[in-house]
Amino acid sequence: MTESVVELHDVAVSIDGRPVLWNVSFSLAAGHLLGIIGPNGAGKTTLLRAILGLLEPTRGTVRVLGRAPRQLGARAHQIGYVPQRRDFDPRFPVSVRDVVMMGRAASRGLLRFSQRLDWEKVDTAIRLVGLAGQADRLIGELSGGEQQRAFLARALSADARLLLLDEATTGLDLPAQHELYNLLQRLRRELNLTVIAVSHDLLALGVHADELLCINGTGHIHGNPQTVLQSHQLREAYRCEFDFLSDEAREGHAHESPTSRRSE
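For the record, in the sequence shown the residue sitting at position 13 is 13 according to my numbering, with numbers rising by one throughout.
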């Protein structure tokens, strides 16, 4: 039987008394990539925060690695998080190895000195993401794509089993986005890493994700890309016109029409 790494059942979340999400249910198997899509303000980041245990659901249950997120205790480091690049100040004078070691600090505790095993895990993670030749450079000297790979290595150094990406490809050029998604696919195969990726790039997630969750506060659609990336469903979620090529839709490819317009 396939292990479920994340399970949500009838989850609702409110912030300052305002409902943001409700009736969200899905189960995600180990090694799968779930793409989360939806318009701005739909609750995508709120959902990630609930999975991280930073927000308590007002209704329903969230289980990560078999437990409620806030009950993971010493296993909490097995959830890795990669933010948008804008959440990081590249002028901060730390090396790539130092950034990745921050992941080890999260797993071993801030008050314990770094051991040889910690540095071995750091160097292994750096090699896994293809930055071995950049390990001693300042993080601010790297390209945007390389910086995101360094943050991915930070999560891997902490022995992450679940990786959450919150619009991690925003601001990256197309080659860097392509490299990051290909890296995630390789890590899934080699490490059985489970990935949840929030993105506005429907095409990329249609190609790389095993399943998609389209949310818009009041409702959600969950299924494989061919099921979710249908014009009528996206039109309802985004409230704008979508123009699909039918043969691409069957392959999980989608694009928004250049003439798409906001519904009146």
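FYI, nobody ran anything at the bench for these hints, they're computed from the structure.
Be careful, since some hints might not be right.
Unchecked claim - Label-pair distances were calculated between CB atoms; the ranges are:
hint: 1; residue 1: T61; residue 2: N224; range: 22 to 28 Å
hint: 2; residue 1: R127; residue 2: D89; range: 33 to 39 Å
hint: 3; residue 1: A12; residue 2: M102; range: 30 to 36 Å
hint: 4; residue 1: L191; residue 2: Q115; range: 19 to 25 Å
hint: 5; residue 1: L117; residue 2: S25; range: 36 to 42 Å
hint: 6; residue 1: T124; residue 2: G223; range: 23 to 29 Å
hint: 7; residue 1: A12; residue 2: Q233; range: 38 to 44 Å
hint: 8; residue 1: A68; residue 2: H200; range: 35 to 41 Å
hint: 9; residue 1: D173; residue 2: G41; range: 42 to 48 Å
hint: 10; residue 1: E236; residue 2: Q71; range: 35 to 41 Å
All figures in this text were calculated on a predicted structure; none of them were measured in a lab.
Don't be surprised by glycine CBs; every beta carbon is placed ideally from N, CA and C.
Tell me the numbers of any earlier hints that the structure contravenes, in ascending order. 2, 6, 7, 8 and 9
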